[in-house]
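Asker: Single-letter residue listing:
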Amino acid sequence: MDSPVFAAETLGLTKRYPLAWKRRVVVALNKLDLQVRPGEVFGLLGPNGSGKSTTIKLLLGLIRPNEGEARIFGLGPDDLEARRRIGFLPENPYFYGFLTGDETLQFFGKLCGLRGAKLTARINELIDLVSLQNGRERPLRSYSKGMLQRIGLAQAMIHDPDLLFLDEPTAGVDPQGSAQIRDLILRLKKMGKTVIFSSHLLEQVQEVADRVAIFSLGRKVLEGSLDDLLTEKEATLVSVPGELTDARRDELERLLAQSGFTGANVQFSRPRLSLEQLYLRTVEAERQP
Amino acid sequence: MTAVRFPWPRVALIALVVCLWAPIKLAWEIGLERQQDELRYHGVVVTRQLRDQLSQGLTIGVLAGFRNIVADFVWLDVTVAWEKYEWFKMDALINLVTSLEPRSILFWDNGGWQLAWNVSIFVKDDVVHQPNELRRLHDARFWIYRGLDVYQRGIENNPTSYKLWESMGQLYQNRLGDYYRAAWCYGRASQLPGAPVYLERFPAIMMGNQFAHDDWKAYELWKELWFRLTPAQRLEKAHWQEKIISNIRQLENTLKVPREKRVFPN
Amino acid sequence: MIGRILVIARNTLLEAVRQKVLNVLLLFGLVMIAASSYFSQVAIDQQIKFVKDFGCGAIGLIGVCIAILSVAQLLPQELHNRTIYTILAKPVRRSEFLLGKFVGVVLLLTLSVALMSIAFAAVLWWQETQGLAAVQADYVHTPGWGKSPELTNMYQHDVAQIVNQVRDPQMVEAILLIFAKLVMAAAMAMLVSTFSTSFIFTVITTCGIYLIGHMESAARDVWLSHGAQATFGQGLFLEMLSLLVPDMNSFTIVDEILDGNVVPWWHTWNLLGYSAVYTGVLLALSELIFEFREI
Numbered sequence: 001m002d003s004p005v006f007a008a009e010t011l012g013l014t015k016r017y018p019l020a021w022k023r024r025v026v027v028a029l030n031k032l033d034l035q036v037r038p039g040e041v042f043g044l045l046g047p048n049g050s051g052k053s054t055t056i057k058l059l060l061g062l063i064r065p066n067e068g069e070a071r072i073f074g075l076g077p078d079d080l081e082a083r084r085r086i087g088f089l090p091e092n093p094y095f096y097g098f099l100t101g102d103e104t105l106q107f108f109g110k111l112c113g114l115r116g117a118k119l120t121a122r123i124n125e126l127i128d129l130v131s132l133q134n135g136r137e138r139p140l141r142s143y144s145k146g147m148l149q150r151i152g153l154a155q156a157m158i159h160d161p162d163l164l165f166l167d168e169p170t171a172g173v174d175p176q177g178s179a180q181i182r183d184l185i186l187r188l189k190k191m192g193k194t195v196i197f198s199s200h201l202l203e204q205v206q207e208v209a210d211r212v213a214i215f216s217l218g219r220k221v222l223e224g225s226l227d228d229l230l231t232e233k234e235a236t237l238v239s240v241p242g243e244l245t246d247a248r249r250d251e252l253e254r255l256l257a258q259s260g261f262t263g264a265n266v267q268f269s270r271p272r273l274s275l276e277q278l279y280l281r282t283v284e285a286e287r288q289p
Numbered sequence: 001m002t003a004v005r006f007p008w009p010r011v012a013l014i015a016l017v018v019c020l021w022a023p024i025k026l027a028w029e030i031g032l033e034r035q036q037d038e039l040r041y042h043g044v045v046v047t048r049q050l051r052d053q054l055s056q057g058l059t060i061g062v063l064a065g066f067r068n069i070v071a072d073f074v075w076l077d078v079t080v081a082w083e084k085y086e087w088f089k090m091d092a093l094i095n096l097v098t099s100l101e102p103r104s105i106l107f108w109d110n111g112g113w114q115l116a117w118n119v120s121i122f123v124k125d126d127v128v129h130q131p132n133e134l135r136r137l138h139d140a141r142f143w144i145y146r147g148l149d150v151y152q153r154g155i156e157n158n159p160t161s162y163k164l165w166e167s168m169g170q171l172y173q174n175r176l177g178d179y180y181r182a183a184w185c186y187g188r189a190s191q192l193p194g195a196p197v198y199l200e201r202f203p204a205i206m207m208g209n210q211f212a213h214d215d216w217k218a219y220e221l222w223k224e225l226w227f228r229l230t231p232a233q234r235l236e237k238a239h240w241q242e243k244i245i246s247n248i249r250q251l252e253n254t255l256k257v258p259r260e261k262r263v264f265p266n
Numbered sequence: 001m002i003g004r005i006l007v008i009a010r011n012t013l014l015e016a017v018r019q020k021v022l023n024v025l026l027l028f029g030l031v032m033i034a035a036s037s038y039f040s041q042v043a044i045d046q047q048i049k050f051v052k053d054f055g056c057g058a059i060g061l062i063g064v065c066i067a068i069l070s071v072a073q074l075l076p077q078e079l080h081n082r083t084i085y086t087i088l089a090k091p092v093r094r095s096e097f098l099l100g101k102f103v104g105v106v107l108l109l110t111l112s113v114a115l116m117s118i119a120f121a122a123v124l125w126w127q128e129t130q131g132l133a134a135v136q137a138d139y140v141h142t143p144g145w146g147k148s149p150e151l152t153n154m155y156q157h158d159v160a161q162i163v164n165q166v167r168d169p170q171m172v173e174a175i176l177l178i179f180a181k182l183v184m185a186a187a188m189a190m191l192v193s194t195f196s197t198s199f200i201f202t203v204i205t206t207c208g209i210y211l212i213g214h215m216e217s218a219a220r221d222v223w224l225s226h227g228a229q230a231t232f233g234q235g236l237f238l239e240m241l242s243l244l245v246p247d248m249n250s251f252t253i254v255d256e257i258l259d260g261n262v263v264p265w266w267h268t269w270n271l272l273g274y275s276a277v278y279t280g281v282l283l284a285l286s287e288l289i290f291e292f293r294e295i
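Protein chains in written order, with the working numbering: chain Z, 1 to 289; chain A, 1 to 266; chain C, 1 to 295.
Simulated from the structure, these hints should not be mistaken for laboratory data. Quick caveat, the model's predicted, so the values are computed rather than measured. A portion of the hints provided could be inaccurate.
[Unchecked claim] Cut-off 25 Å, straight-line C-alpha distance, at most; resulting in silico cross-link-like pairs (DSS-like, lysine-lysine): (1) C:Lys147 with A:Lys243; (2) A:Lys223 with A:Lys256; (3) A:Lys256 with A:Lys217; (4) A:Lys237 with A:Lys163; (5) C:Lys147 with A:Lys237; (6) A:Lys243 with A:Lys256.
[Said to hold, decoys possible] One side of the interface only, derived from the structure: several residues of chain Z facing chain C at Cβ under 8 Å: (7) Ile86; (8) Phe88; (9) Pro90; (10) Pro93; (11) Tyr94; (12) Phe98; (13) Leu111; (14) Cys112.
[Claimed, not checked] Chain C regions said to be covered by chain A (calculated; three or more residues, Cβ under 8 Å): (15) 147 to 157; (16) 240 to 254; (17) 289 to 295.
The beta carbon of each residue, even a glycine, is placed where N, CA and C say it ideally should be.
Pulled out of the complex, with its shape left as it was, chain Z reads as follows (with noise of 0.2 Å):
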C-alpha cells in the first residue's frame, strides 16, 4: 500500500467561533490531525465543549474550517460522492414530528436516490435491525427518546454507507437500548465499516472502539488503540473459577513467593459485575418466558 486513503482525515483542522459582543474568539478546535482507517471503530472521547461536535460537523461539511483540511475517503466533505458513502447520527436527533417511521426512512431513502421496491427491501431490513416494529406507522412525535435514537440510526444507514458518524448515540438511551447499540456497532465493525463515533460514556467506549482519541478545549491530548492505552504493563491478573479457601490461599502465594512475587504486589480479590452487566442480565432474566 504506497497510499493509504484513509475513512477519514483531517490536517491542522481549525474552528474558531468569533463572539461577537466579547471581542473575543472561542477556538472550537485547535490544529487537530486525525487518521482513521477503513475497518476501524473510533471513538471521540472528551468533556462537553471539547471538539467532539465540531470535529464531526467538519468531516460532514456542515460547518467550514478557518484553517486545515478534512477529507473523507481522500475527498472533500463538500463532494456528492463522499456524502454518499457516509451515515451521520446527530447529537439527540430529532426528526420531522409529523412523520411516521416508514414515512422518514422513506424520506432519507429517496434523498439518496433509492427507490421503489429496492428502497422498501431496505427499510424492512432496517427496521428489524434497529427492532422498530412498533414504530412504523406512528409519527415520530409520539416516540420516546431511544426510538428516536433508533429511527436515527436506520436513517444513517438507510443507503449503506461505509462510514458512520455518531454523535453520541446512547445519549438518554436506556442500558437496554445502549447495550443493542453497542451490538449494532459490532455488528457494522463485522461487516467492514468504519464507525467514528463520540460519548463520554467511557465504559461504552471502552466495549467497542479499536482505538480512541481524547479531546480537552479543543485539542486531541491522546490517541492511540485501547489496548496500547489500557494495558497495565506493571501487573497480570489471574482469575480463577470458584471461591477460594484459606487453604489454597496460602498454597498459592507459597507458589507465588518461590517465583519470586512476595510483598503487596501480590494481591488476591473477587472480580465484581459492573453494574450494567447485573442490570443487563437481571433484565434479561426476567424477558426469559
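Let chain Z serve as the given structure and place chains A and C on it in line with the hints.
Answerer: Positioned in the frame of chain Z, the structure of chains A and C alone reads:
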C-alpha cells in the same frame, strides 16, 4: 477543501448579481409602467390631500395595495350620508371614491346618479327645509349639474365606456329636457364597444314627436343610421330594419321630400 | 438533482398540510360570507364588485401571510430541530435543500390559492343567481313586460351585464398575478431568512419590504424626475429603494381587471415574467448567502 477565512469571492459574486440586476430591474419596471400608462391605468398617488380625507387605517390599506377595498368602504359611507341627508358630504365622498378608483365605471355612474337624480329630486320636493319653490328648483338644478360633472369627469377618465355617455344622455333627456344634447350623448354611446344596439336608434327618437318635434333632424338621423348599417347588419333582428324603414318613409311623406331625394321612393 | 428537490418539496408541503396550515383557508370562507352579507344593502352590481374586490383581496392577504410565515419558520425550525444536519449529511447540496424548501412553499401556495379560488367561484356563482333573480323581479313588474320587444332587449342586456361581470375570463389573469406576487413575497422571505437569525426579524423585514414595494414606483418616479433636487441623503435613499426593492405596485393592475377593464395578456405575461425573473434572482442571492452560512 480549502480553509475559509472570509468568503470575499462569494460576497463579490453577490454584489455582482445585485449590480447586474439593478439596472435591468429598473428598465423593466419603467417599461411596465409605460405599458400601464398606455392602458390608461394610473393607480393612485397618495397625496397629502388624499391622506387627509382617509382615516389612518384606510391610508395604510391603500399603501398596502388594497385600493379597491378601501374605495368600497368609502362607498358604503356615501349611502350612510344619503340616509343622513348630508348632500355635500355625499358629493365629497363620491369625489374621493372616484379618485381612488378612477377606472370603475360603476362608481362614476352611480355617483352621478345619486347626485343628479336622488339628491336633486329629494331637494326639489323637500318642502320642510325650503318652502320657497323657486329656491327648491334652483337647488335641484344645482345637484343635477353636480351629477353631470361626475359623469363628465368619468368620461374623461374612461373614454371608451358607453355607459357614462348613456347615463348622461338620460340625464339630458329626463332631467333637463335637452333632447339635442341627449341625442348627441346617445349617439356617442352607441359608437363605443359593448353598447347595446338599441342606443343607435335613440338619437333619432329624441328628435321625434314625443320629444324635440324636429322632423328634419329626425329624418337626417334615421337616414344616417340606415346608411351606416351594412346590408348584413340590416338583416339582424336587433337593428329593427322595419322600424327604421317605416320611420324614414313616414318622415319622407310628412316632410314632402321630393321623390328623387327619397331613400325609399315608392 | 431534480428528484432530491422534489422529495424535499413534497416533504415541506406534507408538513404544512399535516400541521393544518390549510385551516387558515376557513378564514377566507368567513371573509367571503361576511362580505357578501355585509354588502347586501347595496345594489346587485355593486355587491358583485365588492365581493370580487374582497375575494381577491382576501386571497392576496391570506396568501401573503402563508407565504411569509411559512418561509420565515423554515430555516429556524430546521435548525432548531437539527433536521437540517441529517438532510445535509446525505448526498444533498445546500442549493437543492433551499430550492426544495422553496418549491414546497410554492406548492403550498398553489394549493391554497386553488382552493380559495374554488370557494371564490362558488360565492360568485351564488351572487350571480341572486343578481339574475333581482333583475328579473325588476322587469316582471314593468308594464308591457312580455309584449314589448324593446323591453325584452333591455332585459337581455341587463342579464348579460351581470353574467359578464361575474364570469369575467380575465379573473384568471387576476388570480395568476396575485399568485405571482405571493411567490415573489415568498422569495423575499427566503432571502431575508438566509441571513436572519430569528423568525420575528424575517417576518417583520419581509413585510416591510413588501409594503415598501408598493411605494417603490413612486420613489422611482421621484428619483428619476426630481433626483437632482434632492439632497444627497434623500437621493441615495430613493436610489436604493428604486434599485433594490421590487415593484409591487405594478401588480395592483389586478384592480383594473376587477373593475372590468381590459388588461391584455401581453401585459400580464410581462408582469409574470418580471416576477419570475425577480424570484430567480432572489433565490440565487439566497443560495449564495446560504452556501457559506454556518449551521
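Asker: If a hint holds in the structure, say so; if it does not, say that too.
Answerer: Hint check results:
For the suggested pair lysine 147 (chain C) and lysine 243 (chain A), the alpha carbons sit about 16 Å apart, so the restraint of at most 25 Å is met. Between lysine 223 (chain A) and lysine 256 (chain A) the CA atoms are separated by roughly 15 Å; this keeps the pair inside 25 Å, and the hint holds. For a cut-off of 25 Å, the pair hint linking lysine 256 (chain A) to lysine 217 (chain A) stands: about 14 Å separates their Cα positions. Distance check on the hinted pair: lysine 237 (chain A) and lysine 163 (chain A) sit about 23 Å apart at the alpha-carbon level, within 25 Å; holds.
Annotation: proposed proximity of lysine 147 (chain C) to lysine 237 (chain A) holds, straight-line Cα distance about 16 Å (limit 25 Å). Taking the CA atoms of lysine 243 (chain A) and lysine 256 (chain A), the gap is about 20 Å. The hint holds against a cut of 25 Å. The criterion of a C-beta within 8 Å of any C-beta in chain C is met by isoleucine 86 (chain Z), whose closest approach is roughly 7 Å, and the hint holds. The beta carbon of phenylalanine 88 (chain Z) comes within 4 Å of a beta carbon in chain C, closer than 8 Å, and the hint placing it at the interface holds.
At a threshold of 8 Å, the smallest CB-CB gap from proline 90 (chain Z) to chain C is about 5 Å, leaving the interface hint in force. At about 7 Å, the closest approach between the beta carbon of proline 93 (chain Z) and any beta carbon in chain C falls short of 8 Å, and the interface hint on this residue holds. At about 4 Å, the closest approach between the beta carbon of tyrosine 94 (chain Z) and any beta carbon in chain C falls short of 8 Å, and the interface hint on this residue holds. Interface restraint check: phenylalanine 98 (chain Z) against chain C, minimum CB-CB distance 4 Å, threshold 8 Å, status holds.
Checking leucine 111 (chain Z) against chain C by beta carbon gives a least distance of about 5 Å; that is within 8 Å, so the hint holds. The beta carbon of cysteine 112 (chain Z) is positioned within 8 Å of a beta carbon in chain C (closest approach about 6 Å), and the interface hint is therefore held. Under the rule that three or more residues need a Cβ within less than 8 Å of chain A, the assignment of the segment 147 to 157 of chain C holds, with 4 such residues. Counting residues of the segment 240 to 254 of chain C whose beta-carbon sits less than 8 Å from any beta-carbon of chain A gives 11, enough to reach three: the coverage restraint holds.
Residues of the segment 289 to 295 of chain C with a Cβ under 8 Å from some Cβ of chain A number 3, which satisfies the need for three, so the listed coverage holds.
When each numbered hint is compared with the structure, no violation occurs for any of them.
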